[in-house]
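With the sequences and hints as input, model every part of the structure.
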Amino acid sequence: MFDLTTIFEFTHNTVIFSIGITAVLASLGVILCSSPIYSALYLIGHMICLALLFLLYNAEFLAAVQIIVYAGAVMILFLFIIALLGGKKEIQEFTFERSIAFAFIFTLMGELYLSATVGPTKQIVGNVNPEIFGTAKAIGLELYSKHLVAFELASALLLVAAVGVICLAKFSFAPLKRR
Amino acid sequence: MFASSWLILLFPLTGFIFLSWYGKRISKAFVGFIGCGTVGISFLASLVALSDLLFLPAEEGVGKVEVLYQWVSAANFKLDLAILVDPLSVFMFLIVTGVGFVIHVYSIGYMQDDPEYSRFFSYLNLFIFSMLVLVAAADFFFLIVGWALVGLASYLLIGFYKEKTSAVLAARKAFVMNVIGDVGMVIAAFMIFESFGTLNFIDVFDAAPEMFRPNDDQILLITLLLLVGAFAKSAQLPLHTWLPDAMEGPTPVSALIHAATMVTAGVYLIARCHVLYELAPFTMYLIATVGVLTAIFAGTMGMVQYDIKRVIAYSTMSQLGYMFLAMGIGVYSLGMFHLMTHAFFKALLFLAAGSVIHALDGEQDIRKMGGLKNIMPLTHATFLIGALALAGFPLTSGYFSKEAIILSSYHAEMGNFVFWAIALITAGMTAFYIFRVYFATFIGKTRSPDAHPHESPLTMALPLVFLAVLALAGGFLGPLVDAFLAPVFGHEAHHFHDGILETIALIVGIGGIATAALMYQVSKDRIELMKEVFAPLYDLLFHKYYVDEIYDFLIVKPTKAIGTFMEEKAEKQGVDFAVDQVGFQVKEVSRGISFWQTGRVRTYALNMVAGMVIILLFVVFM
Amino acid sequence: MGQEFVLLVSSTVFCVGACGFIIRKNPLIMFMSVELMLNSVNFLLIAYSSFLNSLDGQIFALIIMTVAAAEVVVGLAIILTIFRTRHEMDVDQINALKG
Chain L
1 MFDLTTIFEF THNTVIFSIG ITAVLASLGV ILCSSPIYSA LYLIGHMICL ALLFLLYNAE
61 FLAAVQIIVY AGAVMILFLF IIALLGGKKE IQEFTFERSI AFAFIFTLMG ELYLSATVGP
121 TKQIVGNVNP EIFGTAKAIG LELYSKHLVA FELASALLLV AAVGVICLAK FSFAPLKRR
Chain Y
1 MFASSWLILL FPLTGFIFLS WYGKRISKAF VGFIGCGTVG ISFLASLVAL SDLLFLPAEE
61 GVGKVEVLYQ WVSAANFKLD LAILVDPLSV FMFLIVTGVG FVIHVYSIGY MQDDPEYSRF
121 FSYLNLFIFS MLVLVAAADF FFLIVGWALV GLASYLLIGF YKEKTSAVLA ARKAFVMNVI
181 GDVGMVIAAF MIFESFGTLN FIDVFDAAPE MFRPNDDQIL LITLLLLVGA FAKSAQLPLH
241 TWLPDAMEGP TPVSALIHAA TMVTAGVYLI ARCHVLYELA PFTMYLIATV GVLTAIFAGT
301 MGMVQYDIKR VIAYSTMSQL GYMFLAMGIG VYSLGMFHLM THAFFKALLF LAAGSVIHAL
361 DGEQDIRKMG GLKNIMPLTH ATFLIGALAL AGFPLTSGYF SKEAIILSSY HAEMGNFVFW
421 AIALITAGMT AFYIFRVYFA TFIGKTRSPD AHPHESPLTM ALPLVFLAVL ALAGGFLGPL
481 VDAFLAPVFG HEAHHFHDGI LETIALIVGI GGIATAALMY QVSKDRIELM KEVFAPLYDL
541 LFHKYYVDEI YDFLIVKPTK AIGTFMEEKA EKQGVDFAVD QVGFQVKEVS RGISFWQTGR
601 VRTYALNMVA GMVIILLFVV FM
Chain F
1 MGQEFVLLVS STVFCVGACG FIIRKNPLIM FMSVELMLNS VNFLLIAYSS FLNSLDGQIF
61 ALIIMTVAAA EVVVGLAIIL TIFRTRHEMD VDQINALKG
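Protein chains in written order, with our numbering: chain L, 1 to 179; chain Y, 1 to 622; chain F, 1 to 99.
The hints are simulated quantities; they were obtained by calculation from the structure and are not laboratory data.
Nothing here was measured: the structure is a model prediction, and the numbers come from that model.
Wrong hints could be hidden among the right ones.
[Said to hold, decoys possible] Now the in silico label distances, taken between C-beta atoms and shown as ranges:
| hint | chain 1 | residue 1 | chain 2 | residue 2 | range |
| --- | --- | --- | --- | --- | --- |
| 1 | F | A96 | L | A150 | 28 to 38 Å |
| 2 | F | A96 | Y | F621 | 36 to 46 Å |
| 3 | L | A162 | Y | D580 | 55 to 65 Å |
[Said to hold, decoys possible] A partial selection of chain F residues facing chain Y, derived with a Cβ cut-off under 8 Å:
| hint | residue |
| --- | --- |
| 4 | N95 |
| 5 | A96 |
| 6 | L97 |
All C-beta atoms in this analysis are idealised placements derived from N, C-alpha and C, irrespective of residue type, glycine included.
Here's what the structure looks like:
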């Protein structure tokens, strides 16, 4: 009854549940805030929740990558741009288009929930050594053998993005007259 | 040997093409030389074909079909580019190219002052070519092709003076009536194809006697429809109204087309299809009736006209009626013989009249002519010979051919007393009106003091002499023609000899001439008095029995009304509207749809989400 | 927890992100909604790779992170360029393709 495994299970599930709920609430915060800075901060919170969830699901390497790259680099970039450009606080009003959007979104959610009852269609059973599951070593072994092409293409993509940004940001434009 | 017959067709065609391309750039003398030369060479080639035919051994049949090119060779339809060289077609070749050549030479002189000299000769060559295609055709298809081409050439030639409104209208009228005939012929060709499976003359005529009983419905229809074409082309009732108006064309045109060649196409058609007509005695009777009625009809109208060319045109209509009478009775070779002699003396009459018109600078009214006997002796003599031949004076060619027809109308199996009587009366009227013209034009005092008439140049005089000789001597060729054409018609025509009837006809003919002479001696007031007495009759005759007005009211006006209506309602409001609406509605619909493109990213994202929703619906529920 | 929970959380966050993309006018916030959607998918992939004991899911998630990073960089550069030329932070005003 109250042996270690059940307590462990219970704690495990509670933690996952709470972090999940926090993630959902944080995402709601992203879209509902009036100021972009707040939305960015909520997004960082959401990403940290996700990183914790990754840890709980045996993906240490990816949790680290999430924090360092995503929450660390990408969101800092976002914050810089928000600081540079800013944006006015906008007031939310409910228009006809918005109601249609909500209708569609709720339908989408319903359908996705339905998929929860279906379950996986095909059993994929991998053969990873459970001791090293989720570590950098395992990911490295997979990445450079089975998914080499994807890896190379991803690096090419990054190069292209870097070049593109340099091209885009190089020119200075004379500001147009306001409409 | 017979392959040289293609040259008969080839030369006028090249003449037409050459003159229409280069005619304006070469000298008038050269144009005349080319124009006449091509027809002359055709005539020589026809002589060669004649000799070939005469020397053909009897077992090779009556004639030969020369195939140039196998055009259509489908499963159940075969059509070749071929010409048929048999006595009938060679006969027509000789007439068409011979008389055509003479008229071409005449035209060199007549059209000398006309600026459109080369156009005239190119059209003349086109006409000769078309007529040759018509008579040389070996199947109904090319017969109809030649038929239509001849109609086109006559349209071009009648409307030659294209600035004259009356000429253009007359050309249009002639063409429309010819097209009516064309429709009949085409339907007949379809029916022939349906019954016989082929359009070839030889195959059809061989198969016809076995396929149909006499007076069968099918064969009656076919012959009647072919008859529509023949009547339209040869200006018989009721499709005759175009012929008098066609005199708007230059005189050589009238001589060639409306005396010697085109109008005889109908007679040729019946002669060619005589096998079919013999199987439909009812149609033959109809032909004879219409022919003899047209003859007297035209005769009455010819008596009161005072345009010299119109009188001769009515006499053409009348003589064609004689030819149709002969065809309807069954004496085909007599009809063809009359065709030949008529070609001679009618062309002669037209050319002599043209000589008079040319001399008087375009005057065509006989009331304004007179006393030309001593000024233009050659024209006078040739006109007199032509008039005697037309009236059937003994020993002229017209006497032999017309007498034979009048006799046959009484004595042949299908002839009867009424035909004979009407033909006889018409002969009297013919003599009267042609001599009325003769007296008015050549005898007595000059009624046209302003003009300075002169005798015609050599190019115009020589053809007159030549034709006059033929008009006199052609009669003696009668038996030869009969023998020559006998193989085509199956038997020689029977020449009847009936002393009593011949004498009666002679008396009627001379009586007509004498009446004309008397009328001429009578003073003017008496003539005016007679006109008043007979006023209503005179009016009726003068206005051509009001047939033109009747046609205008019954046919032309309704057709024009329908045409206008269709253009207003059906065309503008119907078809144009529909087509415009197609484009317009497309624009409207696309304008409606273009509201979808807002240019805003968020709307497009919404569209994407909506699409995803729908696809997932499919996935989930199906 | 279980697979249902992962699915529920993931799809909820995804739909929240889609909602945010359609609702907001500020391009930066729209971009952040896109990041939300990508993150939700990452989570789903990694959880399932754990359930199914296969590392393909984690590799896929890693690649997605790469792509997201590249995309953010280029996208922000574009937004920057638009702001420099037009001084607008409202996506609705960029409707030159209208009609």
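We went through each hint and held it up to the structure:
{"no.": "1", "hint": "A96(F) / A150(L): 28 to 38 Å", "in the structure": "37 Å, holds"}
{"no.": "2", "hint": "A96(F) / F621(Y): 36 to 46 Å", "in the structure": "40 Å, holds"}
{"no.": "3", "hint": "A162(L) / D580(Y): 55 to 65 Å", "in the structure": "57 Å, holds"}
{"no.": "4", "hint": "N95", "in the structure": "3 Å, holds"}
{"no.": "5", "hint": "A96", "in the structure": "6 Å, holds"}
{"no.": "6", "hint": "L97", "in the structure": "4 Å, holds"}
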